[in-house]
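J.: Chain by chain, the residues run as shown.
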Amino acid sequence: MSAAEPLERRAVISGIGQSQVGRRLGRSDLDLTVQAALAAVADAGLTRDDIDGLATYPGMGAGGGGFAGPPSPDVQDALRLRLNWHDGGGEGPGQMRSVITACLAVAAGLARHVLVYRTVTESTAQGSGGRQGIGGSGGGGGGGPRFSGFLQWTLPFGAVSAVNWLALVAQRRIHEFGLTRTQLGQIALNGRRNASLNPAAIYREPLSMEDYLAARTISSPLCLFDCDAPCDGSTALVVSHVDYAPDTPHPACQVDAVGTALRGRPSWDQFDDMTTMAARDAGASLWERTDLRPGDVDVAELYDGFSILAMVWLEALGFCGRGESGPFVEGGRRIALDGELPLNTAGGQLSGGRLHGFGFLHEACLQLRGEAGERQVPGNPEVAAVANGGGPIAGAMLLTRFR
Amino acid sequence: MTASGPPFRLLPRTDGDSGFFWTSGADGLLRFLHCDACRTIVHPPAPCCPACLSPDVAPRPVSGRGTVHSFTVNHQQWIPGAEPSVVALVAIEEQPDVRLTTNLVGVGDDEVHIGMPVEVTFEQHEEVYLPLFRPVPGGSR
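Here the protein sequences line up with chains X and E, keeping their order.
Take the first sequence: its letter number 109 is residue 109 in the numbering used here, and every next letter is one higher.
Take the second sequence: its letter number 132 is residue 1132 in the numbering used here, and every next letter is one higher.
If you are wondering where the hints come from, they were derived from the structure by calculation, not from laboratory data.
Yeah, the Cβ is synthetic: ideal placement off N, Cα and C, and Gly gets one too.
There's no promise every hint is true.
Said to hold, decoys possible - From chain E, some residues computed to sit far from chain X (all C-beta separations above 10 angstroms): (1) Phe1020; (2) Arg1031; (3) Ala1037; (4) Pro1047; (5) Cys1048; (6) Ala1051; (7) Asp1056; (8) Pro1061; (9) Val1062; (10) Glu1093; (11) Glu1094; (12) Arg1134; (13) Pro1137.
Claimed, not checked - Just a sample of chain E residues kept apart from chain X, beta carbon distances all over 10 angstroms, derived: (14) Leu1029; (15) Asp1036; (16) Cys1052; (17) Pro1059; (18) Ser1063; (19) Pro1117; (20) Thr1121; (21) Pro1135; (22) Val1136.
Claimed, not checked - Rough simulated footprint, nothing fancy, chain E against chain X, three-plus residues with beta-carbon under 8 angstroms: (23) 148-162; (24) 216-226; (25) 269-283.
All chains should be built: construct the whole structure from the sequences, respecting the hints.
T.: Next up, the structure:
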């Protein structure tokens, strides 16, 4: 770690809030966001007049299909916030970018209390139809729209969804490391076990290894239960200057370090190591900014938009060696709520719902605060690791309980 | 491919920097931008060489041979009526850190393996020649 204290340590998560979470709620993204935002502000012991910063991911123009949520000007106006700093956008260290920029904003004195949110209405947008690919439901030959940018390299070959791109990662891990589907299935089973203790989770009924192995293949070797569950919901956080931490009604969660690096090529198919991709770099840079070590982590909330990503993150964050995540999760005991590294304690996105990264942040805070109810990790966890993203997109954060 | 012609494809634009790539197969050759100074393949196309930063880059043919770096059999019908197909990541023989996301044809789902030698074959859609790959005859490894 460098001599100067990382600036992100001047930030805490002072409050958290979540809207109703569910399938096809039929509520607008702004409606859900306001619900989550007001809950987070109250949870932080603040009023909207205290909020002087606002940030979101992925922001305006980030696409339809219920993916983007409302842009920050809509939320600012709905709540008539008077802001000193505001930010929205999709480029950076994953969904985490908005939280990290908020930390830097409070550290720099641009704002004191930043409301950060991520909202999805993908379940309502997809309606009763099947899950959509990216650009996969229209266009093509015969005078239809043509594609440029990254999508031109994948869509013509029917690789229209991230599940296809990450199936390539999974297959490569089978080849290099001998990963098995039974090992991969432990991510899904663990998520479902924990989701059964989370009243807000999308899927709560038991899932057995037999169910997992018998599920239909989406893109080999990934099956239905390797894919997260589209949902509607909004998660909000208040990022405050650390000076405020002694005054929060709930224990504040100190930002100890962030991982933002991207040292390989920013590409789904040209990254040098297809078994890790960007998580490798974000994970490494996280540990360069703290004296804490992987063994200090009491609970891990690792992105599982697809099961394989949680495996990648386990290695990228140093909880096991490269290629060793399969044996690490074998049998599921180690990653269970009472195991040595409780993982995705609210069910992750596979069973909890695809809140797109922010569900992990919310759950990490609940666990550090000791407020996770039936799924509370025993032993008063003090350090939580949170990871967001997959493929060439990755961000990580280490949180500690302030008091 | 079926008797009724090539399958439905979402198509790339051919009016930009990558246009040469997508139309290259008209004469049966796969082309990438190469750096004239250091011979590095520049892919996706960019205005300068990423290795030596020379601006002198131009499309040049390659052998069309490569190796399967990874693959997946897609079963989900993202496009109504689509059949399961093999999506592969093919490492280009001349510079294996350059890869193409593509489809494998002429090979059964259960015959594909990482490390399989493959060669390019093109599927025409309007002015676009999509580079697909098939096993090299007698090339199992």
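J.: Now look at each hint and say whether the structure bears it out.
T.: Each hint, compared with the structure:
1. A cut-off of 10 angstroms between C-beta atoms confirms that phenylalanine 1020 of chain E is not in contact with chain X; the least separation is 13 angstroms.
2. Every C-beta of chain X lies more than 10 angstroms from that of arginine 1031 of chain E, the closest at about 15 angstroms, which supports listing it as non-interface.
3. At roughly 21 angstroms, the least C-beta separation between alanine 1037 of chain E and chain X is larger than 10 angstroms, which holds for a residue marked as non-interface.
4. Proline 1047 of chain E, annotated as away from the interface, keeps every beta carbon of chain X farther than 10 angstroms; the closest lies near 16 angstroms.
5. With a least beta-carbon separation of about 15 angstroms from chain X, cysteine 1048 of chain E lies farther than 10 angstroms from that chain, consistent with its non-interface assignment.
6. The claim that alanine 1051 of chain E lies off the interface holds: its Cβ sits roughly 13 angstroms from the closest Cβ of chain X, which is beyond the 10 angstroms cut-off.
7. In this structure aspartate 1056 of chain E is separated from chain X by more than 10 angstroms, as the shortest Cβ-Cβ distance comes to about 22 angstroms.
8. Separation of proline 1061 of chain E from chain X is adequate, the least Cβ-Cβ distance of about 19 angstroms exceeding the 10 angstroms criterion.
9. Non-interface status of valine 1062 of chain E relative to chain X is upheld: no Cβ of that chain comes within 10 angstroms, the nearest being about 16 angstroms off.
10. Every beta carbon of chain X lies more than 10 angstroms from that of glutamate 1093 of chain E, the smallest distance being close to 16 angstroms; the non-interface claim holds.
11. Annotated as non-interface, glutamate 1094 of chain E keeps its C-beta farther than 10 angstroms from every C-beta of chain X; the closest such distance is 15 angstroms.
12. Every CB of chain X is more than 10 angstroms from the CB of arginine 1134 of chain E (nearest about 14 angstroms), matching its label as outside the interface.
13. With 10 angstroms as the threshold on Cβ separation, the claim that proline 1137 of chain E sits away from chain X holds: the shortest Cβ distance comes to roughly 23 angstroms.
14. Remark: the non-interface label on leucine 1029 of chain E is consistent with the geometry, its nearest Cβ contact in chain X lying 18 angstroms away (cut-off 10 angstroms).
15. Every CB of chain X lies more than 10 angstroms from the CB of aspartate 1036 of chain E, the least distance being 21 angstroms, so the non-interface label holds.
16. With a least CB separation of 17 angstroms from chain X, cysteine 1052 of chain E remains clear of the 10 angstroms interface cut-off, as annotated.
17. With 10 angstroms as the threshold on Cβ separation, the claim that proline 1059 of chain E sits away from chain X holds: the shortest Cβ distance comes to roughly 16 angstroms.
18. Listed as outside the interface, serine 1063 of chain E is consistent with that label: its C-beta sits roughly 20 angstroms from the nearest C-beta of chain X, beyond the 10 angstroms cut-off.
19. Distance check for proline 1117 of chain E against chain X: the nearest CB is about 16 angstroms away, which clears 10 angstroms, and the non-interface claim stands.
20. Distance to chain X confirms threonine 1121 of chain E as a non-interface residue, since its nearest Cβ pair spans about 13 angstroms, more than 10 angstroms.
21. Every CB of chain X lies more than 10 angstroms from the CB of proline 1135 of chain E, the least distance being 17 angstroms, so the non-interface label holds.
22. Chain X leaves valine 1136 of chain E outside its interface by the beta-carbon criterion, the shortest separation being 19 angstroms against a cut-off of 10 angstroms.
23. Remark: the segment 148-162 of chain X is confirmed as covered by chain E, as 11 of its residues place a Cβ nearer than 8 angstroms to a Cβ of that chain, reaching the required three.
24. For a cut-off of 8 angstroms, the count of residues in the segment 216-226 of chain X with a CB near a CB of chain E stands at 7, and the three-residue condition holds.
25. With 4 residues carrying a beta carbon less than 8 angstroms from a beta carbon of chain E, the segment 269-283 of chain X meets the three-residue requirement, and the given coverage holds.
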